[in-house]
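Asks: What follows is each chain in one-letter form.
Number of protein chains: 2
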Amino acid sequence: MKKLINDPKNVVNEAVAGFEAAHPDLVRVSHDPIYIVRADAPVKGKVGIVSGGGSGHEPLHGGFVGSGMLDAAVPGPVFTSPTPDPILAATQAVDGGVGVLHIVKNYTGDVLNFETAADLAAAEGIDVRSVIVDDDVAVKDSLYTAGRRGVAGTVLVEKIAGAAAERGDDLDAVAAVATKVNSQVRSMGVALTPCVVPHAGEPSFTLADDEIEIGIGIHGEPGRERIRMEPADAIVDRILAPIIDDIPFASGDSVLLFVNGMGGTPQVELYIVFRRAAEVLAEKGITVTRTLVGNFTTSLEMQGASITVLKLDDELTALWDAPVHTAALRWGK
Amino acid sequence: MKKLINDPKNVVNEAVAGFEAAHPDLVRVSHDPIYIVRADAPVKGKVGIVSGGGSGHEPLHGGFVGSGMLDAAVPGPVFTSPTPDPILAATQAVDGGVGVLHIVKNYTGDVLNFETAADLAAAEGIDVRSVIVDDDVAVKDSLYTAGRRGVAGTVLVEKIAGAAAERGDDLDAVAAVATKVNSQVRSMGVALTPCVVPHAGEPSFTLADDEIEIGIGIHGEPGRERIRMEPADAIVDRILAPIIDDIPFASGDSVLLFVNGMGGTPQVELYIVFRRAAEVLAEKGITVTRTLVGNFTTSLEMQGASITVLKLDDELTALWDAPVHTAALRWGK
Numbered sequence: 001m002k003k004l005i006n007d008p009k010n011v012v013n014e015a016v017a018g019f020e021a022a023h024p025d026l027v028r029v030s031h032d033p034i035y036i037v038r039a040d041a042p043v044k045g046k047v048g049i050v051s052g053g054g055s056g057h058e059p060l061h062g063g064f065v066g067s068g069m070l071d072a073a074v075p076g077p078v079f080t081s082p083t084p085d086p087i088l089a090a091t092q093a094v095d096g097g098v099g100v101l102h103i104v105k106n107y108t109g110d111v112l113n114f115e116t117a118a119d120l121a122a123a124e125g126i127d128v129r130s131v132i133v134d135d136d137v138a139v140k141d142s143l144y145t146a147g148r149r150g151v152a153g154t155v156l157v158e159k160i161a162g163a164a165a166e167r168g169d170d171l172d173a174v175a176a177v178a179t180k181v182n183s184q185v186r187s188m189g190v191a192l193t194p195c196v197v198p199h200a201g202e203p204s205f206t207l208a209d210d211e212i213e214i215g216i217g218i219h220g221e222p223g224r225e226r227i228r229m230e231p232a233d234a235i236v237d238r239i240l241a242p243i244i245d246d247i248p249f250a251s252g253d254s255v256l257l258f259v260n261g262m263g264g265t266p267q268v269e270l271y272i273v274f275r276r277a278a279e280v281l282a283e284k285g286i287t288v289t290r291t292l293v294g295n296f297t298t299s300l301e302m303q304g305a306s307i308t309v310l311k312l313d314d315e316l317t318a319l320w321d322a323p324v325h326t327a328a329l330r331w332g333k
Numbered sequence: 334m335k336k337l338i339n340d341p342k343n344v345v346n347e348a349v350a351g352f353e354a355a356h357p358d359l360v361r362v363s364h365d366p367i368y369i370v371r372a373d374a375p376v377k378g379k380v381g382i383v384s385g386g387g388s389g390h391e392p393l394h395g396g397f398v399g400s401g402m403l404d405a406a407v408p409g410p411v412f413t414s415p416t417p418d419p420i421l422a423a424t425q426a427v428d429g430g431v432g433v434l435h436i437v438k439n440y441t442g443d444v445l446n447f448e449t450a451a452d453l454a455a456a457e458g459i460d461v462r463s464v465i466v467d468d469d470v471a472v473k474d475s476l477y478t479a480g481r482r483g484v485a486g487t488v489l490v491e492k493i494a495g496a497a498a499e500r501g502d503d504l505d506a507v508a509a510v511a512t513k514v515n516s517q518v519r520s521m522g523v524a525l526t527p528c529v530v531p532h533a534g535e536p537s538f539t540l541a542d543d544e545i546e547i548g549i550g551i552h553g554e555p556g557r558e559r560i561r562m563e564p565a566d567a568i569v570d571r572i573l574a575p576i577i578d579d580i581p582f583a584s585g586d587s588v589l590l591f592v593n594g595m596g597g598t599p600q601v602e603l604y605i606v607f608r609r610a611a612e613v614l615a616e617k618g619i620t621v622t623r624t625l626v627g628n629f630t631t632s633l634e635m636q637g638a639s640i641t642v643l644k645l646d647d648e649l650t651a652l653w654d655a656p657v658h659t660a661a662l663r664w665g666k
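Residue numbers (my numbering), protein chains in the order written: chain X, 1 to 333; chain A, 334 to 666.
Don't read these hints as lab results, they were simulated from the structure. Don't take every hint at face value.
[Claimed, not checked] As a list, the in silico SDA-like pairs of lysine to any residue whose alpha-carbon atoms are at most 25 angstroms apart:
| # | chain 1 | residue 1 | chain 2 | residue 2 |
| --- | --- | --- | --- | --- |
| 1 | X | K9 | X | M229 |
| 2 | A | K342 | X | A234 |
| 3 | A | K335 | X | M229 |
[To be verified] Here are the computed distance ranges between Cβ atoms for each label pair:
| # | chain 1 | residue 1 | chain 2 | residue 2 | range |
| --- | --- | --- | --- | --- | --- |
| 4 | X | D210 | A | D543 | 25 to 31 angstroms |
| 5 | A | A615 | X | D209 | 41 to 47 angstroms |
| 6 | X | D314 | A | S587 | 44 to 50 angstroms |
| 7 | X | K140 | A | K377 | 56 to 62 angstroms |
| 8 | X | E315 | A | G665 | 56 to 62 angstroms |
| 9 | A | D373 | X | T287 | 20 to 26 angstroms |
| 10 | X | T287 | A | A583 | 51 to 57 angstroms |
[Said to hold, decoys possible] Over the 10 angstroms line for every Cβ pair with chain X, so calculated as not near, a few chain A residues:
| # | residue |
| --- | --- |
| 11 | L337 |
| 12 | A348 |
| 13 | G351 |
| 14 | H356 |
| 15 | G396 |
| 16 | A455 |
| 17 | R462 |
| 18 | A506 |
| 19 | F538 |
| 20 | R609 |
| 21 | K644 |
| 22 | R663 |
Glycine is no exception: its CB is placed at the ideal position from the N, C-alpha and C atoms.
Here chain X stands alone, though its shape is the one from the complex:
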């Protein structure tokens, strides 16, 4: 294992300290327990939004803390849910008096720990609502999940719910728009290589030199099938078809097309994937009106990519376009 780390035990601590040093204009960090809040938290009269989960998926979630998106992110150990304590502390830290939304990827540990934290926060008089993200069409249940997994679609839920909170929507409305995004977004991924969790020191799975995993999870959980390497266009066709068929997306739809890198994939490859995905959608009469390409929901240094498609309407488009100021997504005044 070769990594730019010191002690594997300190990966999250030190990365968060670096994040704090790099972005003092955007965030403040609590080191014990570990959580990241936007620099001006709590924002009085605004719904607070908290997300989190195991580390190793950066910039998810810390990179999305800032105005117009998350109020707090709670990073657990690598690929391991944070405990209820830091989730509760983050919830308290961003409570502006009108409630807090938890955005939770659908993994058993995350769901349980966020639920416990929400109960504890409620006992202290904070109105907490939770939205579970489960956008991955690859598998029904998996290693760490009952039901579908939450993957890159989480970024879109966080951006759009964040914009709704920023414009002053109340807790019901912010939760409703987050739920709506989750209902209209679908994702699927592919892995070319595994990744190495620092404290494990070895890959959690292996792939032969000519093998890829279709429908990979963001912790390297098995997907739908392991196949021989294929040209990019054939791979895109394989992972995009189940996405389109799922809702289904249909001719006349306007969508946001998001090609996400798993962390170790060169950008040229992500754009090659984007090109084919846009082509396939166009052939089906589906219009791509918004786009996102890059490493946003990663699995450490895994090579591979995922495709996410979100059905847009005027409301979601306006919320997507609204200003956002975070380390990983930034636009507008």
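Could you slot chain A onto chain X? The hints should help.
Replies: Just chain A now, with coordinates in the frame of chain X:
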């Protein structure tokens, strides 16, 4: 070799087509010859800025085309300079009547081909100035270079020169500020793994499981020394010391600290590197007032990172803060 590509011959074509499909609001693309220009090029009365070089370093340079930064980027084949033809065509396409600046990384092929293109453009009456970027302190001469190599500091030259052109500076002034940034910026990198050029199919060099290359070039050219793997902090100390000693940076300086990923490095590692680099600078009385962390000058899927330090003054800080709207850097109205 496992990559999300189709035919290795079409990597650049298809990636550029994907880039065009993903960012129609920011850029237009010429496919024969291949170059990328900002959507509203040429901007009358504004100095045009053109950069380029071999592909495989994305988002450099196409990701920096847009208002406030580059007017055009000319991507050559992977790790190979573009020929004079597309550089000339891009220069013509962004000529707003008040001259064009070429920003060229110091590699023999790039320097020669940009020089030829500049001569051809001059013969057509376009006033062209060139600034050569050579920020890498690792080696004096190298495989593809006479003198120092141009690496991640190029991003800072492009951003700041772009802001100067956008505010209406004339060609002399834009060239002068680009030259000033180059004179005040220094970089050095480290590789943990090699990368595979698609048409080669094999890594251009190898590193043992416990080896790293200190002072790596962005095409995998040899650096200063090959050593045993060390903790991140020790590696940062090794590559930061020659940067600081070079100008030298001194107590009382204000700097921009830029930690750049080589393409395959997880973001947690980049922030661990940032943390230590900021610590070392603080110990020396050097104040980090601006920051940048991420994959901006890459070597395909290489694992590793580089550190870049730019000495700031009020003018450079204001130009860095000025609005920029590109695929890879975006802030301000």
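Asks: Hint by hint, say whether it matches the structure.
Replies: Hints versus structure:
no.	hint	in the structure
1	K9(X) - M229(X)	violated, 35 angstroms
2	K342(A) - A234(X)	holds, 17 angstroms
3	K335(A) - M229(X)	holds, 7 angstroms
4	D210(X) - D543(A): 25 to 31 angstroms	holds, 27 angstroms
5	A615(A) - D209(X): 41 to 47 angstroms	holds, 45 angstroms
6	D314(X) - S587(A): 44 to 50 angstroms	holds, 45 angstroms
7	K140(X) - K377(A): 56 to 62 angstroms	holds, 58 angstroms
8	E315(X) - G665(A): 56 to 62 angstroms	violated, 26 angstroms
9	D373(A) - T287(X): 20 to 26 angstroms	holds, 23 angstroms
10	T287(X) - A583(A): 51 to 57 angstroms	holds, 56 angstroms
11	L337	violated, 4 angstroms
12	A348	violated, 4 angstroms
13	G351	violated, 3 angstroms
14	H356	violated, 7 angstroms
15	G396	violated, 7 angstroms
16	A455	holds, 32 angstroms
17	R462	holds, 29 angstroms
18	A506	holds, 27 angstroms
19	F538	holds, 15 angstroms
20	R609	violated, 8 angstroms
21	K644	holds, 18 angstroms
22	R663	violated, 5 angstroms
Comparing the model with each numbered hint stated earlier shows that hints 1, 8, 11, 12, 13, 14, 15, 20 and 22 do not hold.
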